[in-house]
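Q: One-letter residues, chain by chain:
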Amino acid sequence: MADLAPEDVRRMAAAIGLSIADDDLEDVTFRLGATLERLAALDRLEPRDPVPPAILEPDGA
Amino acid sequence: MSGADLALLGVGALTDLLHRREVSSEEVVRACLARIESLNPKLAAFITVSTEAALRAARRADGELARGRSRGPLHGVPFAVKDALWTKGVRTTNGSRLFEDFVPSEDATVVARLRAAGAVLLGKLNMMELGFGPTLRPPFGVPRNPWDLERTTGGSSSGSASAVAARLVPLTLGADTGGSIRLPAALCGVVGLKPTRGRVSRHGLMGICPPFDSAGPLAASASDCALALAAIAGRDRKDPITTRVAVDDYAGAIGKGLGGVRIGVVRELMQSAMLRPEVRALVADAVTALEKGGARVEEVSIPLIDHASAIYIAIAEPEAAARFRPYLLTRPHDIDVLPRRRLLTASLIPASVIPRARRLGQRLRAQVDEALRAVDVLVSPTTPSPASPIATAGRIESKEEAWTTAAAGRSLFTNPFNITGHPALSVPCGFTAERLPAGLQVIGRYNREADVLRVAAAYESITPWRDRRPEV
Chain A
1 MADLAPEDVR RMAAAIGLSI ADDDLEDVTF RLGATLERLA ALDRLEPRDP
51 VPPAILEPDG A
Chain B
62 MSGADLALLG VGALTDLLHR REVSSEEVVR ACLARIESLN PKLAAFITVS
112 TEAALRAARR ADGELARGRS RGPLHGVPFA VKDALWTKGV RTTNGSRLFE
162 DFVPSEDATV VARLRAAGAV LLGKLNMMEL GFGPTLRPPF GVPRNPWDLE
212 RTTGGSSSGS ASAVAARLVP LTLGADTGGS IRLPAALCGV VGLKPTRGRV
262 SRHGLMGICP PFDSAGPLAA SASDCALALA AIAGRDRKDP ITTRVAVDDY
312 AGAIGKGLGG VRIGVVRELM QSAMLRPEVR ALVADAVTAL EKGGARVEEV
362 SIPLIDHASA IYIAIAEPEA AARFRPYLLT RPHDIDVLPR RRLLTASLIP
412 ASVIPRARRL GQRLRAQVDE ALRAVDVLVS PTTPSPASPI ATAGRIESKE
462 EAWTTAAAGR SLFTNPFNIT GHPALSVPCG FTAERLPAGL QVIGRYNREA
512 DVLRVAAAYE SITPWRDRRP EV
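In order, the protein sequences belong to chains A and B.
Residue 47 in our numbering sits at position 47 of the first sequence; the count goes up by one each step and never skips.
To convert a position in the second sequence, counted from 1, into our numbering, add 61.
Worth flagging that the hints you see were computed from the coordinates, not collected in a lab.
Please read these numbers as outputs of a predicted model, since none were measured by experiment.
Beta carbons are placed, not taken as given, at the ideal position from N, Cα and C, and that holds for glycine.
Just to be clear, a hint being listed does not mean it is correct.
Said to hold, decoys possible - Facing chain B, a subset of chain A residues (Cβ under 8 angstroms, in silico):
(1) 10
(2) 13
(3) 14
(4) 18
(5) 20
(6) 22
(7) 30
(8) 32
(9) 39
(10) 41
Starting from the given sequences, assemble the full structure and let the hints guide the process.
A: Right, here's the structure in full:
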């Protein structure tokens with residue numbers, strides 16, 4: 001996972017209407033990077049389903 | 062007995078004196094108020110002290126006892142509550158300037174039940190801001206650990222623990238989402254209980270993450286916690302997740318000893334790289350004492366517990382972000398720098414992690430249930446380390462520091478049991494070389510608080526820790 005840059009984090013926050021003050025930005029960047037790395041590890045704890053889901057056509061075919 | 066001595070007594074001793082009419086509730090309340098006036102400036106345990114209302118309630122309690130009417134063992138006993146719990150007519154700040162003028166029009170259910178049991182509310186207790194700690198500059202004073210005033214109390218139920226440790230009040234209520242009753246209980250050397258999910262009403266609790274939030278008692282002993290739990294537990298139609306399971310005889314479980322009790326030591330938590338060696342040694346000594354006291358001890362494994370902090374954060378942090386988003390948008394500078402940064406981070410966690418985390422949380426619960434098939438209770442350390450020095454700077458300088466100090470480090474032994482909902486309690490288990498308390502966590506099956514309290518009380522009876530208190 002690539003490290004987040006502070007400006008990435010600022011833009012992510014802006015996209016959901018939040019502004020991050022300059023004083024908070026570096027701290028939040030470190031926190032978010034650490035959190036996303038640990039959360040990514042949860043992906044490996046669930047088995048992948050080997051059978052892809054069936055896709056139904058609108059007319060039921 | 063002097064007035065000053067009355068404030069040092071626990072709930073059980075006060076109950077006896079009050080019901081024999083050897084002391085009055087008013088005398089007890091005045092003793093506590095005097096001690097609060099003397100020590101609170103140093104400790105910042107209380108945010109609000111309701112002196113006149115407490116004295117009126119104490120006189121009412123005395124009048125009822127004089128007419129032969131007792132509401133139960135808590136009749137006339139003083140208590141205080143975390144400032145995250147509504148109290149009718151008494152401001153409830155949630156530890157934040159955001160709510161400094163909020164005055165609820167009703168009591169939280171747990172407060173109402175303690176009042177109905179005859180207990181006397183003394184006031185509202187300090188806490189980490191919004192329950193989302195730590196707080197760098199707490200707006201209502203820096204809570205200090207009575208064992209070392211330069212150390213933290215832990216949190217977020219900071220004052221709920223320190224007030225009991227310093228004997229300002231014999232009984233408090235806290236709230237626990239990831240460990241916020243058990244952590245400060247361990248760091249302040251008192252007993253703190255997080256009940257089973259749904260055992261105690263959350264109505265009127267200003268929490269963080271409703272699936273994990275729980276109110277619970279803190280006191281100097283397991284038996285005092287048992288008395289409090291009996292008063293607050295039970296179905297509440299105002300909180301739909303409260304269980305219809307009958308409230309157990311918690312006081313009856315005290316004094317049953319350890320004979321026949323099977324205890325599982327959680328391997329992954331005892332072997333955690335985050336666990337300070339001297340805390341590990343104290344917990345190991347506690348396990349030895351339990352075995353010598355008659356329990357059968359074995360090691361159990363809960364493999365998913367190593368990922369519990371990540372699971373917890375994936376579920377709890379977005380809940381908190383959603384709850385406090387209006388304030389992040391409109392009043393960010395009225396939130397302390399540390400919870401503000403944590404909320405901003407939480408706001409950016411992708412929603413797609415939540416369903417997986419919930420499924421893993423269910424698997425974690427299944428593993429804990431499985432471990433509890435072979436034993437009656439589990440034990441672990443409550444915290445990885447004792448109380449740390451009060452922080453003076455909030456800067457994080459690396460991702461590693463961000464995870465260990467800001468996220469997982471504090472609550473990695475407690476938050477698994479918020480995810481799973483099992484009852485969990487911290488009981489003092491000794492002191493470090495720096496004379497700081499450490500806690501043993503005892504975890505039980507769903508709705509088996511009686512087993513947890515039984516083991517904690519039995520442990521207290523065979524060790525000297527319950528009678529130690531700080532010289533403040």
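Q: Which of the numbered hints are not met once you compare them with the structure shown?
A: 1, 3, 6
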